[in-house]
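> So the chains spell out like this:
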Amino acid sequence: MMTSLSRRCLLAATAALTLSFSGAASAAEPIRIGAVLSVTGPAAFLGDPEQKTLELYVKRINEAGGVLGRPLQLVVYDDGGDASKAKTFAQRLVEEDEVVAMVGGTSTGTTMAMIPVFEDAGIPFISLAGGIEIVEPVNPHVFKMPHTDRMACQKIFEDLKARGFTKLGLISGTGGFGASMRKQCTAVAPDYGITIVADETYGPKDTDVTPQLTKIRGSAAQAVLNADFGQGPAVVTRNYRQLGIDLPLYQSHGVASKQFIELAGEAANGARLPAAALLVADKLPDGDPQKKVLVDYKTAFENAFKQPVSTFGGHAYDGIMILKSAIERAGSTEPGAIRDAIEATKGFVGTAGVFNMTPEDHMGLDLSAFRMLEIKNGDWALAG
Amino acid sequence: MSELLQFLFSGLTVGAIYALVALGFTLVYRASDVVNFAQGEFVMLGGMTTVFLVQLGLPIPAAAVLAVLATIAVGLLLHRLAIEPARGAGAVTLVIITIGASIFLRGAAQVVFDKQLHQLPAFSGDAPVTVLGATILPQSFWILGGTAALVVLLWAFINRTLVGKAVIATAGNRLAARLVGIDTGRIVGLSFALSAAIGAVAGILAAPITFTSYDIGTMLALKGFAAAMLGGMGSPVGAVAGGLLLGLLEALGAGYLSSTYKDAVAFVVILAVLFAMPNGLFGEAVRERV
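Chains A and B, in that order, are what the protein sequence lines are. Note that the first sequence covers residues 1 to 384 in UniProt numbering. Note that the second sequence covers residues 1 to 290 in UniProt numbering.
Hints are computed from structural coordinates only; laboratory data are not their basis. Check before you lean on any hint, since a few could be wrong.
Claimed, not checked - Simulated pairs of lysine to aspartate or glutamate, DMTMM-like, Cα-Cα distance not exceeding 20 Å:
{"id": "1", "chain 1": "A", "residue 1": "K258", "chain 2": "B", "residue 2": "D114"}
{"id": "2", "chain 1": "A", "residue 1": "K376", "chain 2": "B", "residue 2": "D114"}
{"id": "3", "chain 1": "A", "residue 1": "K376", "chain 2": "A", "residue 2": "E262"}
{"id": "4", "chain 1": "B", "residue 1": "K115", "chain 2": "A", "residue 2": "D82"}
{"id": "5", "chain 1": "A", "residue 1": "K306", "chain 2": "B", "residue 2": "D263"}
{"id": "6", "chain 1": "B", "residue 1": "K115", "chain 2": "A", "residue 2": "E262"}
{"id": "7", "chain 1": "A", "residue 1": "K346", "chain 2": "A", "residue 2": "D366"}
{"id": "8", "chain 1": "A", "residue 1": "K161", "chain 2": "A", "residue 2": "D246"}
{"id": "9", "chain 1": "A", "residue 1": "K306", "chain 2": "A", "residue 2": "D288"}
{"id": "10", "chain 1": "A", "residue 1": "K376", "chain 2": "A", "residue 2": "D282"}
{"id": "11", "chain 1": "A", "residue 1": "K85", "chain 2": "A", "residue 2": "D120"}
{"id": "12", "chain 1": "A", "residue 1": "K258", "chain 2": "A", "residue 2": "E374"}
{"id": "13", "chain 1": "A", "residue 1": "K87", "chain 2": "A", "residue 2": "D97"}
{"id": "14", "chain 1": "A", "residue 1": "K306", "chain 2": "A", "residue 2": "D296"}
{"id": "15", "chain 1": "A", "residue 1": "K52", "chain 2": "A", "residue 2": "E266"}
{"id": "16", "chain 1": "A", "residue 1": "K59", "chain 2": "A", "residue 2": "D82"}
{"id": "17", "chain 1": "A", "residue 1": "K167", "chain 2": "A", "residue 2": "D191"}
{"id": "18", "chain 1": "A", "residue 1": "K52", "chain 2": "B", "residue 2": "E3"}
To be verified - Label pairs and their calculated CB-CB ranges:
{"id": "19", "chain 1": "A", "residue 1": "G378", "chain 2": "B", "residue 2": "M219", "range": "23 to 31 Å"}
{"id": "20", "chain 1": "B", "residue 1": "V129", "chain 2": "A", "residue 2": "Q91", "range": "58 to 66 Å"}
{"id": "21", "chain 1": "B", "residue 1": "A264", "chain 2": "A", "residue 2": "R329", "range": "49 to 57 Å"}
{"id": "22", "chain 1": "A", "residue 1": "A381", "chain 2": "B", "residue 2": "P121", "range": "21 to 29 Å"}
{"id": "23", "chain 1": "A", "residue 1": "A162", "chain 2": "B", "residue 2": "A264", "range": "35 to 43 Å"}
{"id": "24", "chain 1": "B", "residue 1": "Q116", "chain 2": "A", "residue 2": "N139", "range": "54 to 62 Å"}
{"id": "25", "chain 1": "B", "residue 1": "G107", "chain 2": "A", "residue 2": "G378", "range": "29 to 37 Å"}
These numbers were taken from a predicted model, which means no experiment stands behind them. Beta carbons: idealized from backbone N, C-alpha and C, even for Gly.
Whenever a hint applies, use it, and build me the whole structure from the sequences.
And the structure:
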């Protein structure tokens, strides 16, 4: 008697448990999304805002009811800027965490190392790195959010053309960013009728470039372009003013951070650069299609973290939101279906611009993504 | 003409910083035969500490003095905790210890300070001075003047004081110095303190135009070491000459030849000099100590 009663209880309990588990699974089993970012190490200034943005928006999406009625679960690993570590973490995301998509890859180096892993697994990979080789040639599973350095060159050359300049002095850093941009600018210059009349370089840690600038001053250049990021452009800009060169100075999108203005000080005034609209979010006219997205993101990020917003975090926002929209449109969390939906992204308004993906273009941005800015009184302004 | 003058200004400013780093290498090397690769980190500590003290609201002169004292303390600790316990180890072991110390200091600076680039305001403004069509920043005069002042002070200290004579004696022959009653351990410690102080001053003088961050030490140590080799390892005159020469070579190489190969130009010249004069321009022939 006792045994049959207890057995019946047990059965009932088991049945109840089983029911509740299966109920939970269908209602709220999380959708796993991977992110391998360089949160520490030399690229930390990129990876840190990326991680913060992803975590903030996954939380916000979940609070709003998740995607397809299921919450998102973000699995983040920090590769410290090391490409081989990134690859190991990518394998872990695929094999152990069983993610359905990946948003991450802070630098071009870590991204390139991870591509084979996601390609083999057939999992869509939205990279946050700038290098053009990520999407050229197109890999069916790889997408990227930031604009490329070639587009930065084109934007600058458009501006030069509009101002009637045809002879350009180029000074670039020998680091990865500067060397790549120098190559891209040299390649597209003829399309805009621009001749590079001086082509100087400097090392990433050089603290004085007056000899190079003196040579450029002695050339026929009508304007000067400095392709680099970090310390170099600040040194160039200060040396430029020290030498009293009065030609227009163009910087790359690599200096689009307040730190550049702080380091270069007064000398930065008058320099022009192409940059994402995020930097001038509150200065955009009200009719601008990006304005609402930009102001919303900027407010959310700055309220949550009490630090100024950066375009790098913006790329993470674009990545997670494009992924969210793709999963919704696919109506499925099957990686192949998500991939197809990402590729079909049309008219998505993000922080970097308006994305229109095609099977041939896995970045989906055009030159309108860049705004030409001018530094005025130590602040960004839209160039006239 | 103005072009050449511009290259010379650039070369001398950069060269003076190399010279101070080389001088730091030389002081420690003379007293202890140790090539201290943490010398670049002394420069970093001087600049970064000043920047952070200024951010805390201290006036620049007070911040600079505190930064120099803090760097001296680090130099003494480095000697006491890392070099002294390994006394009697071979030169290679000691060099590896200093490389380890430099990595440690760089890591600690990342944690204590941050990973951003920083800049000090220039001591006498940013308006460039025009000399015969070439321009030079007032801060360059501070760097050149500071270097000259340090060299004179150091020379007076070494040649005109009893402690200085003890440094010369220790450099000359450690055993003999000990026999006449010189505490050579303390003299080596003093050399570390002096080279830390020189490094810190270099870091503070340079920060307004070169910027500073936790990782500037590596490049400076490399250039300073090259300058010290060029001038002759262990020769203070050689260190200064080597530093200025290296800076000028880079500037003239970038100006008249190719900026892509300016570092190569400088190093080819150094190799050529060392090929002809293995002890550097001002170095003495190597004597084996028994």
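> Now tell me, hint by hint, if it's right for this structure.
The hints, checked one at a time:
{"no.": "1", "hint": "A:K258 / B:D114", "in the structure": "holds (16 Å)"}
{"no.": "2", "hint": "A:K376 / B:D114", "in the structure": "violated (28 Å)"}
{"no.": "3", "hint": "A:K376 / A:E262", "in the structure": "holds (13 Å)"}
{"no.": "4", "hint": "B:K115 / A:D82", "in the structure": "holds (17 Å)"}
{"no.": "5", "hint": "A:K306 / B:D263", "in the structure": "violated (42 Å)"}
{"no.": "6", "hint": "B:K115 / A:E262", "in the structure": "holds (15 Å)"}
{"no.": "7", "hint": "A:K346 / A:D366", "in the structure": "holds (13 Å)"}
{"no.": "8", "hint": "A:K161 / A:D246", "in the structure": "holds (18 Å)"}
{"no.": "9", "hint": "A:K306 / A:D288", "in the structure": "violated (26 Å)"}
{"no.": "10", "hint": "A:K376 / A:D282", "in the structure": "holds (16 Å)"}
{"no.": "11", "hint": "A:K85 / A:D120", "in the structure": "holds (18 Å)"}
{"no.": "12", "hint": "A:K258 / A:E374", "in the structure": "holds (13 Å)"}
{"no.": "13", "hint": "A:K87 / A:D97", "in the structure": "holds (14 Å)"}
{"no.": "14", "hint": "A:K306 / A:D296", "in the structure": "holds (15 Å)"}
{"no.": "15", "hint": "A:K52 / A:E266", "in the structure": "violated (32 Å)"}
{"no.": "16", "hint": "A:K59 / A:D82", "in the structure": "violated (28 Å)"}
{"no.": "17", "hint": "A:K167 / A:D191", "in the structure": "holds (13 Å)"}
{"no.": "18", "hint": "A:K52 / B:E3", "in the structure": "violated (49 Å)"}
{"no.": "19", "hint": "A:G378 / B:M219: 23 to 31 Å", "in the structure": "holds (29 Å)"}
{"no.": "20", "hint": "B:V129 / A:Q91: 58 to 66 Å", "in the structure": "holds (59 Å)"}
{"no.": "21", "hint": "B:A264 / A:R329: 49 to 57 Å", "in the structure": "holds (55 Å)"}
{"no.": "22", "hint": "A:A381 / B:P121: 21 to 29 Å", "in the structure": "holds (25 Å)"}
{"no.": "23", "hint": "A:A162 / B:A264: 35 to 43 Å", "in the structure": "holds (39 Å)"}
{"no.": "24", "hint": "B:Q116 / A:N139: 54 to 62 Å", "in the structure": "violated (35 Å)"}
{"no.": "25", "hint": "B:G107 / A:G378: 29 to 37 Å", "in the structure": "holds (33 Å)"}
Violated hints, listed in ascending order, are 2, 5, 9, 15, 16, 18 and 24; each of the other numbered hints is respected by the structure.
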